[in-house]
Amino acid sequence: MRLRLTSRPEPSRAMLVTSPLLAAALTLGAGFLLFLALGQRPGAALHTFFVVPVSSRTGVAELLLKAAPLILIAQGLAIGFRANVWNIGAEGQLVLGAIAAGALAIRFDGTTSLWLLPAMVAAGILGGMAWAAIPAYLRTRFHASEILVTLMLTYVATLTLSYLVHGPMRDPQGLNFPQSILFGESALFPTVLAGTRLNVAVLFPVLVTAAAWVFVAKTFAGYQMLVGGLAPLAARYAGFKESRTVWVALLISGGAAGLAGVGEVAGPLGQLLPTVSPGYGFAAIIVAFVGRLHPVGIVVAGLLMSLLYLGGEAAQIALQVPYAVTSLFQGVLLFCLLGSDLFVFYRVRIGRRLPAGSRA
Amino acid sequence: MTDLLVALLAGTVAAATPLIFAALGELVTEKSGVLNLGVEGMMLMGAIGAFAAATTSGSLPLGVVCGALAGVATAALFALLTLTLLTNQVATGLALTIFGTGLSAFVGQGYVSRTLTGLQPIAVPGLSRLPLLGPILFEQNALVYLSLLVFGAIYWLLYRTKAGLILRAVGESPESAHAVGYRVIRIRYLATLFGGALSGVAGAYLAVAYTPMWVEQLTAGRGWIALALVVFATWRPERVLAGAYLFGGVTILQFHAQALGLAVPSQLLSTLPYLATIVVLVVISRDVQKIRVNAPASLGKPFHPGD
Chain Y
44 MRLRLTSRPE PSRAMLVTSP LLAAALTLGA GFLLFLALGQ RPGAALHTFF
94 VVPVSSRTGV AELLLKAAPL ILIAQGLAIG FRANVWNIGA EGQLVLGAIA
144 AGALAIRFDG TTSLWLLPAM VAAGILGGMA WAAIPAYLRT RFHASEILVT
194 LMLTYVATLT LSYLVHGPMR DPQGLNFPQS ILFGESALFP TVLAGTRLNV
244 AVLFPVLVTA AAWVFVAKTF AGYQMLVGGL APLAARYAGF KESRTVWVAL
294 LISGGAAGLA GVGEVAGPLG QLLPTVSPGY GFAAIIVAFV GRLHPVGIVV
344 AGLLMSLLYL GGEAAQIALQ VPYAVTSLFQ GVLLFCLLGS DLFVFYRVRI
394 GRRLPAGSRA
Chain E
175 MTDLLVALLA GTVAAATPLI FAALGELVTE KSGVLNLGVE GMMLMGAIGA
225 FAAATTSGSL PLGVVCGALA GVATAALFAL LTLTLLTNQV ATGLALTIFG
275 TGLSAFVGQG YVSRTLTGLQ PIAVPGLSRL PLLGPILFEQ NALVYLSLLV
325 FGAIYWLLYR TKAGLILRAV GESPESAHAV GYRVIRIRYL ATLFGGALSG
375 VAGAYLAVAY TPMWVEQLTA GRGWIALALV VFATWRPERV LAGAYLFGGV
425 TILQFHAQAL GLAVPSQLLS TLPYLATIVV LVVISRDVQK IRVNAPASLG
475 KPFHPGD
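These protein sequence lines map, in sequence, to chains Y and E.
Going by the numbering used here, the first residue of the first sequence is number 44, and it counts up by one from there.
Going by the numbering used here, the first residue of the second sequence is number 175, and it counts up by one from there.
Since the hints were derived computationally from the structure, they do not count as laboratory data.
Glycine included, C-beta positions come from ideal geometry on N, C-alpha and C.
Looking from chain Y toward chain E, a few residues come up when the C-beta cut is under 8 Å (computed):
{"#": "1", "residue": "ILE131"}
{"#": "2", "residue": "MET195"}
{"#": "3", "residue": "SER205"}
{"#": "4", "residue": "PRO365"}
{"#": "5", "residue": "SER370"}
DSBU-like mimics (lysine-lysine), calculated; alpha carbons at most 35 Å apart, straight line:
{"#": "6", "chain 1": "E", "residue 1": "LYS464", "chain 2": "Y", "residue 2": "LYS284"}
{"#": "7", "chain 1": "E", "residue 1": "LYS464", "chain 2": "E", "residue 2": "LYS475"}
{"#": "8", "chain 1": "E", "residue 1": "LYS464", "chain 2": "E", "residue 2": "LYS336"}
{"#": "9", "chain 1": "E", "residue 1": "LYS475", "chain 2": "Y", "residue 2": "LYS284"}
{"#": "10", "chain 1": "E", "residue 1": "LYS475", "chain 2": "E", "residue 2": "LYS336"}
{"#": "11", "chain 1": "E", "residue 1": "LYS475", "chain 2": "Y", "residue 2": "LYS261"}
{"#": "12", "chain 1": "Y", "residue 1": "LYS261", "chain 2": "Y", "residue 2": "LYS284"}
Just need the whole structure built from these sequences, with the hints factored in.
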C-alpha cells in the first residue's frame, strides 16, 4: 500500500482552514493515548488539561497573560517566515528586552515618574532589536545563516542574564539568591482585572496584531517581502532588495520579542530572574506556523498554545503528570499541522500500485 | 606546564567526540539533500534513551545501542514527515528539536537524580606509552575510538565506494538520480536514519561517558553547533573532524581558565563556544562561491518523483 500524491494546481482553500483543525484533533487523539499509557482516565485527564484551567475568571486572565507574549512574538516571526527569514532566536531577543527594561527599573528604583514605564518599553524594544540586528548584519554582510546565529545568540543572552542576576544586578539584600530587587510600582504595568494578574500589557499583542495585518495586507513593503519569500528570483528581477527584507524581518521580530520580555519582567515576574520565560520564544515559532503565518490565525493559535501551558500546570498539580508534557504536546501539535499540510498542496489517494511511468 | 597541556588536549578530544558523531551523521544526511535541523532533538532522545537503558540494565554498551536506536526512531519521524508527507524541512527540523526536548524531559523525569558509573578509559597497549600523544589520544573511552573509526568509515564510504557516489548524486541532482533508476526517497530515508543513529550515539556519549548523568537539555546546544560545523567544514568529513577538535578546545578552555589565570565570570566564559560558532560561521560564509560549490545542490528541497 502506498500514498499516491498529485500536486494541486493551487493550494486548497478549504484544506487551508481545515488542516489546523485536523491537527488539533490529532493532537487531542495523541493526548488521549498518552494519558491512557500513563494509567490516567483519558477523558477526565483531558478535561483537567483543557477545560478546568479556563473555567474561572482567574483562569481566563492567566490564559490571556500567557497568550500575550506568544502572540506578540509570533506576529513578528511570521513576517520573517513568510519572507524566508528564519529568526529562531526570539527567546534570546526576549531576554535582552527583559535585561534592558530591568536595568532601567533597577537604576531608577524609587522614582514615581510616569515616564519610567514608557522608557522601559522603549528600552526593551530597542534591546530586542539590537540583539536581532547582529544576525541581520552578519547575514546581509557575510551571508551567515540567521538560523544558527540567532540560536547561538540565545545561549549567549541567557548566560548573560544569569551572570547579571548572579552579579551586578543581584539584590544586595536578597540573601545571595540570584535575583534582582523587586521592581517599584512605577516600573510595573497596572492590573486591569481586579483580583488577577492581568495587566495593561495585554493590549500590546492587540495593537501589534492590527499593525501586522496592515503591514501584510496593505503596505508595499509587506508585499515585497511576501514575493521575496514565494519567488526569490521574481523579487530580484523586480528590484526588491533581499538585504532590506532581512533587516526589516529581523528588526520587527526582535523588537516584538523584546517587548514581550518587558511584559514579563514588568508584569507577572516583577523582577529579573535567571529565567524570564518558559520558552515563549520557541513556542512562538509553533504559534506562527499553527496560525498559518496569518495575523488572525496567530491570535487563535496563541490562545491554544497558552492553554497548553496552563493545562500542563493543571495536569502537574492534579494528576502528578510531569510538566514536560506541555512541550511534548507542543511538538506533536506542530508535527500534526505540518503533516496535515499535505492535504493543502496535494491530492492524496491510497493505492496499491503507482501510476504508470513513476517510481518512488 | 606539560601536565596542563596534556589535560587540555585530552579534554579537547573528549569534548569534541559528541560533535564528531553528530556532525558526521548530519553530513551524511545533508549529502543526500536532506537538511535535518533536529540534531539537538535527536541527541537529547539518544541521551535519555542511553541513560535510561544503562541505569536500568546496568550495561553501558546496551545503553549506547539504545541511544542510537532512540536517535533512529526520532529521525524516522522526521523522514516520514519530510520525505513521505513532503513537509517543509526547516519547519519540521525545528519541530523535531522542540519535540525531542519535551519528550526527553518527560521520559527523563524519573532519572534526574540517578547516578551512573560512566564509561571508563581504555589504554591502548603500547600506544598509550607514547609521550604526550599517549595520554591525549590513547587513554580515552571506547566511544572516542569509535568516533575515529566512524570518521574513517564515512570518508571511505563517501569517496571510495559506489554507494557514496550514489548518495552524493542523489544530493546533487535527485532528478538525474531518479531518471537513471535510483530510488531517491529510499536513499534519503537511509541517510536520514543514519544521521539519527549517529546523533543518538552523540547524545549517548554525553549521558553515559562524558557527564555521565541526565538533566533536561543535557546537550546544551551541541546539536546546533554540530549543524554549524557541517557548514564550517564545507561538507567535507576531514574538516568536520578538524572543526570538532577546534570547538572541543574552545569548550575545554573555560574549565581551565582559572588555572590559566583568567578572572572572567563562569557564565561569560560559557558563552565562548557559542560566540566561536558565530565567528567561524561568519568567516566561512563570507565566501558565497565556496558554499555554493560545496553544498549539496538539492539541500533542503523536497523531491517528489510523481511531479
